[in-house]
Amino acid sequence: MSKTETIATRQRLLGRNLSIAYNNPVKIARGSMQYLYDEDGTKYLDAYNNVAHVGHCNPRVVQAGQQQMAILNTNTRYLHDLINRFAERLTSTLPAPLRVCFFVNSGSEANELALRLARAHTKARDLIVLEHAYHGNTTTLINVSPYKHDGPGGEGPPSWVHKVPLPDVYRSVHRGDETATVEAYLNSVRDVIQRLSDGHTPLSGFLAESMPSVAGQIVLPPAYVRGVYDAVRAAGGVCIADEVQTGYGRIGTHFWGFESYDVVPDIVVLGKPMGNGHPIGAVVTSAEIADSFDNGMEFFSTFGGNTVSCAIGLAVLDEVLENDLQAHAVAVGNVLKSSLNELMKTHEIIGDVRGSGLFLGVELVRDRITLEPATSEADFVVNAMRERQVLFGTDGPFHNVLKIRPPMPFSEKDVERLVATLESVLRKY
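Residue numbering for the sequence shown is 385 to 813, as defined by my numbering.
What the hints contain is simulated information worked out from the structure, not anything from laboratory work. A portion of the hints provided could be inaccurate.
Quick list of in silico lysine-lysine cross-link-like pairs, PhoX-like style, CA-CA up to 25 Å [claimed, not checked]:
1) Lys411 with Lys387
2) Lys547 with Lys507
3) Lys427 with Lys411
4) Lys427 with Lys797
5) Lys387 with Lys427
6) Lys387 with Lys507
7) Lys547 with Lys532
8) Lys427 with Lys532
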């Protein structure tokens with residue numbers, strides 16, 4: 385089919401609210417590491433897809449899946465060693481007491497399961513979440529995702545979901561005063577906890593991405609995270625870290641995003657990077673919480689933890705660890721962030737450059753004092769970059785943050801191309 389025919393067929397057969405990236409959509413035919421190729425063979429630099437964590441069609445991962453698929457693919461009701469090996473390798477990257485694994489098929493399934501674990505352990509349902517958060521596409525997760533339930537088609541949160549302001553240091557009314565910023569945002573959490581206490585309503589927990597991505601590639605103030613964890617636990621709740629976007633060394637300085645705040649969650653949610661495009665998700669928690677969940681009701685996922693998924697998961701983890709992609713993310717990410725900061729000096733439209741490793745955001749504003757979002761300009765930039773064969777997207781509440789989360793093999797040569805192309809597009813600003 386031609387691209388026009390493909391679009392027409394898609395519109396006829398698929399739901400209309402399934403979005404397509406870019407004004408001129410890209411019809412991808414194949415991928416290799418940090419590069420994608422369209423139906424005409426045009427090569428694109430992919431600075432967008434953090435799903436392909438160790439690179440599109442990584443040979444080691446492909447081979448692991450092919451070999452295991454030719455031997456056996458079955459579920460967890462039968463004994464096999466791959467799931468034990470995967471769980472052992474995975475938990476070895478996490479701090480104690482995070483030692484018990486549940487395997488599922490996606491980040492959405494993992495977040496659903498994390499909420500079940502929290503409720504079983506605390507005997508409570510009420511949950512604190514961050515403004516603009518996104519945690520998945522199920523009915524329950526739409527309920528706990530303000531990005532969805534406060535947006536078009538949304539119906540707002542149910543009574544048991546308590547939204548607190550996003551600790552966005554750049555847009556804080558106390559900008560420049562981190563102590564005041566942290567205290568203001570912490571007070572909003574304490575206020576929710578106090579209201580629940582006054583109403584004799586128990587708290588189930590606090591759910592947050594370690595570094596909110598859909599909210600605009602936000603790095604939370606460490607003192608805020610530590611303060612929230614202390615307050616939630618003092619109220620009897622548990623702390624859930626959604627690592628779907630930031631896990632597996634992406635932030636460079638640490639293997640897990642939460643480690644950068646010097647905290648240990650009670651429950652960790654994993655997704656995207658685990659399978660490099662193969663559908664894998666997981667929840668890791670403590671033995672104590674896992675025991676609370678073992679209440680007589682069987683937990684079973686038909687495909688979660690199957691032999692092929694575990695073989696692929698092990699290959700991805702081996703690729704990350706053996707090739708020290710975490711250190712690579714630090715080195716390349718530092719060059720990229722430094723180069724973007726240099727661009728900010730000569731382009732007023734760049735208001736903020738933030739993030740860590742290969743998890744970066746560039747916020748575009750029309751005025752650095754008022755911080756008026758440059759939403760249409762951001763849309764122009766990503767589409768202009770696409771026409772120059774460099775792919776990334778936008779995010780944030782105002783859709784004015786350039787989201788840069790490439791596959792981990794992204795190189796310094798790729799950085800040079802991305803920055804040079806971005807500089808040429810930004811010349812009009």
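Find the hints from earlier in the document that the structure breaks and name them by number, from lowest to highest.
Going through the list in order, the structure violates hints 6, 8 and respects the others.
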